[in-house]
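These are the residues of each chain, in order.
Number of protein chains: 2
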Amino acid sequence: MKVAAYAAQSAEDRLASFAIERRAVGPEDVAIDIEYCGVCHSDIHTARNEWGRAKYPCVPGHEIIGRVTEVGAGVAGFAKGDLVGVGCMVDACLGCAACKDGDEQYCEKGALMTYGGTDPHLGGPTHGGYSKRIIVRDKFVLRIPGTLDVKAVAPLLCAGITVWSPLAHWKIGKGHKVGVIGLGGLGHMGVKLANALGAHVTMITTSPEKGEDAKTLGAHDVLLSTERDQMKAARSRFDFLLNTVPVAHEMNPYIGLLARNGTMVMVGAIEPMPGIHGGLLLANRRRVAGSGIGGIRETQEMLDFCGEHNIVADVEMIDMQDINEAWDRVVKANVKYRFVIDMSTLPDAA
Amino acid sequence: MKVAAYAAQSAEDRLASFAIERRAVGPEDVAIDIEYCGVCHSDIHTARNEWGRAKYPCVPGHEIIGRVTEVGAGVAGFAKGDLVGVGCMVDACLGCAACKDGDEQYCEKGALMTYGGTDPHLGGPTHGGYSKRIIVRDKFVLRIPGTLDVKAVAPLLCAGITVWSPLAHWKIGKGHKVGVIGLGGLGHMGVKLANALGAHVTMITTSPEKGEDAKTLGAHDVLLSTERDQMKAARSRFDFLLNTVPVAHEMNPYIGLLARNGTMVMVGAIEPMPGIHGGLLLANRRRVAGSGIGGIRETQEMLDFCGEHNIVADVEMIDMQDINEAWDRVVKANVKYRFVIDMSTLPDAA
Chain A
1 MKVAAYAAQS AEDRLASFAI ERRAVGPEDV AIDIEYCGVC HSDIHTARNE
51 WGRAKYPCVP GHEIIGRVTE VGAGVAGFAK GDLVGVGCMV DACLGCAACK
101 DGDEQYCEKG ALMTYGGTDP HLGGPTHGGY SKRIIVRDKF VLRIPGTLDV
151 KAVAPLLCAG ITVWSPLAHW KIGKGHKVGV IGLGGLGHMG VKLANALGAH
201 VTMITTSPEK GEDAKTLGAH DVLLSTERDQ MKAARSRFDF LLNTVPVAHE
251 MNPYIGLLAR NGTMVMVGAI EPMPGIHGGL LLANRRRVAG SGIGGIRETQ
301 EMLDFCGEHN IVADVEMIDM QDINEAWDRV VKANVKYRFV IDMSTLPDAA
Chain B
1001 MKVAAYAAQS AEDRLASFAI ERRAVGPEDV AIDIEYCGVC HSDIHTARNE
1051 WGRAKYPCVP GHEIIGRVTE VGAGVAGFAK GDLVGVGCMV DACLGCAACK
1101 DGDEQYCEKG ALMTYGGTDP HLGGPTHGGY SKRIIVRDKF VLRIPGTLDV
1151 KAVAPLLCAG ITVWSPLAHW KIGKGHKVGV IGLGGLGHMG VKLANALGAH
1201 VTMITTSPEK GEDAKTLGAH DVLLSTERDQ MKAARSRFDF LLNTVPVAHE
1251 MNPYIGLLAR NGTMVMVGAI EPMPGIHGGL LLANRRRVAG SGIGGIRETQ
1301 EMLDFCGEHN IVADVEMIDM QDINEAWDRV VKANVKYRFV IDMSTLPDAA
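If you read the protein sequences in the order shown, they are chains A and B.
Each residue of the first sequence is one higher than the one before, counting from 1 in our numbering.
Each residue of the second sequence is one higher than the one before, counting from 1001 in our numbering.
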């Protein structure tokens, strides 16, 4: 349903439209009762149609933790009662070169997004994790290490994998000087994961307070990007910059921080950016790259790594009824560092 | 000497200032009689002070071919009569990590440029190849394969290595789809070298005529960037784009041509560029990089490769007296593809 048609409905009709239809459990499907769902800024962009491609009714949520209630006849890897997760994707072609490489997020035919995609079973939009239940193809279901604080695992399914994927792809580890730019949902996971991978981690921020917070999360030092002298002294220092700033911003000051062959990976800003200086790239053979979420195999690797290193997100739990206030606080970047909805607070009908 | 002081001189004083002082041949030095020197757009930018850091008197030229006339007592690799080349650099610290990796062009203390650098021996600016003689530290002298057309080798020392270095660094070869953007001095060498390395080469240009020319140089096909349908059909096609456009330009249409994990390397434009779209980078995990000239070891590797594959630049020979006209034609991109000065036409006093 288009925005205008949805907006024109009465409140009763809108509520009625939320009786979400779900497909029958197919041979490769896993049915999940959702226990927790993280709140991602993408949920807000989508529900408010800020990216201009929303389909209503819209059920956001792609940081999903739950228990298996039923599996299809062909499912070998999961059984009723298993603790599982679902992230940003629920299907892909699995036949293209990208899928075969485990890069389903770059599927040449387009991965099926957990919400707002076109559901091949029912035709309407796919519906995400702000819900009681979800049915997902087994290959897109993740195993959750039982040792972790389960509710704080939810944000790993989007925020976690979004920063893990570039850290893993660029093989970041011991001996690397890593800068994490921005301390929000993504940035705080970037600091934790880069630290656990053995890198020397610098928090790059405009805020001394965030700098101090980052140290408690695992940053070894802090670079204040507003301080000209600090930035000058840090020129050509970093092997890798994880840029989590979620909006358009001037990149040149950060590019200048890259060492020879260094890469800055953009994971937050998916909009037009200000210009960059060609000379800054030529010097030191620097690179600017982008990276979007991550593949299923590497998501499982991240979850297993987090299990081994006891890493979860820092979360603030909310009831479903608090979602509008939570969204407003996300927009104001007023959360440390991710809201997670306790799905037991959603009435059973939903 | 600063611009204003130089401009204030009489014509006689200016000529007198061109009695270039040269250092005595030191133990690690090679003295060279220059036979040919290529004309690079950088010569013009520098001599006309368009980059704002010219020092006068200015003797440009960093695509130098000549014969050894004398070697220092400690020089083992060269002897009188050897055919040699000198490129964009004449010295570097050789002790930093970059130099130890063979990346003298990214020397952490700054490589000494062939012209316009600060000469550590004499204090003034270094003087380049528009000259009868030059004295260069042996480690920055290249061996020229005797099988090649010597005068057409000169442009390999800058235009050649500038495109070879990224092709070699990113290990381009068989099975890679390479696009070369722009057909000038750099682009024509990019087409020849990428072809010889075994890649499938597409010329990307605004000009159908240049497209046809590129095919004669080794391009397998042509993509007209002005044709919307062609550009759309080529989305996500290329593993590697060698962007030789020498001025600021919109990068987004080219970024969209990159396949998963593809890289566009900027080698021409060293100025502020228009903005790029973050979403284009995130999709396909694309990268935009820069690369500047190349190291001494890889320059020798390129020259040896060109010797084996009989590759030289397409050149138009000029006398020293024609230089002003040639420069005007370089600025108008009216040369196929590089001017080379026959240095025997320069009077002996110079």
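These are computed hints drawn from the structure, not numbers from a lab.
It is possible that some hints are incorrect.
[As the list claims (entries may be wrong)] A few chain A residues that don't get close to chain B, going by computed Cβ distances all over 12 Å:
| no. | residue |
| --- | --- |
| 1 | 96 |
| 2 | 267 |
| 3 | 305 |
[Stated by the list, open to error] Lysine-lysine pairs mimicking DSSO-like chemistry, simulated, CA-CA at most 30 Å apart:
| no. | chain 1 | residue 1 | chain 2 | residue 2 |
| --- | --- | --- | --- | --- |
| 4 | B | 1080 | A | 171 |
| 5 | A | 100 | B | 1177 |
| 6 | A | 232 | B | 1232 |
| 7 | A | 109 | B | 1109 |
| 8 | A | 100 | B | 1080 |
| 9 | B | 1171 | A | 109 |
| 10 | A | 174 | B | 1174 |
| 11 | A | 177 | B | 1232 |
| 12 | B | 1177 | A | 232 |
| 13 | A | 177 | B | 1174 |
| 14 | A | 109 | B | 1174 |
| 15 | A | 100 | B | 1336 |
| 16 | B | 1171 | B | 1132 |
| 17 | B | 1100 | A | 171 |
| 18 | A | 55 | B | 1232 |
| 19 | B | 1080 | B | 1100 |
| 20 | A | 177 | B | 1080 |
Backbone N, C-alpha and C define an ideal beta-carbon position, used for all residues, glycine too.
Tested hints:
1. 96: Violated, since 10 Å does not exceed 12 Å.
2. 267: It is violated; residue 267 of chain A is separated from chain B by about 7 Å at its closest Cβ, not greater than 12 Å.
3. 305: Residue 305 of chain A is indeed farther than 12 Å from all Cβ atoms of chain B, at 20 Å.
4. B:1080 to A:171: The given pair, whose Cα atoms are some 49 Å apart, is violated under the 30 Å limit.
5. A:100 to B:1177: holds (20 Å)
6. A:232 to B:1232: violated (42 Å)
7. A:109 to B:1109: With Cα atoms ~48 Å apart, residue 109 of chain A and residue 1109 of chain B exceed 30 Å; violated.
8. A:100 to B:1080: Violated - the C-alpha atoms of residue 1080 of chain B and residue 100 of chain A are around 59 Å apart, more than 30 Å.
9. B:1171 to A:109: holds (28 Å)
10. A:174 to B:1174: The hint is violated at about 33 Å.
11. A:177 to B:1232: Violated. Residue 177 of chain A to residue 1232 of chain B sits at ~39 Å, over the 30 Å cutoff.
12. B:1177 to A:232: With a Cα-Cα distance of about 39 Å, the restraint between residue 1177 of chain B and residue 232 of chain A is violated, given a limit of 30 Å.
13. A:177 to B:1174: With Cα atoms ~34 Å apart, residue 177 of chain A and residue 1174 of chain B exceed 30 Å; violated.
14. A:109 to B:1174: holds (26 Å)
15. A:100 to B:1336: violated (45 Å)
16. B:1171 to B:1132: Roughly 38 Å between the alpha carbons, so the hint for residue 1171 of chain B and residue 1132 of chain B is violated.
17. B:1100 to A:171: holds (23 Å)
18. A:55 to B:1232: holds (26 Å)
19. B:1080 to B:1100: Measuring from Cα to Cα gives roughly 28 Å; hence the hint holds.
20. A:177 to B:1080: violated (48 Å)
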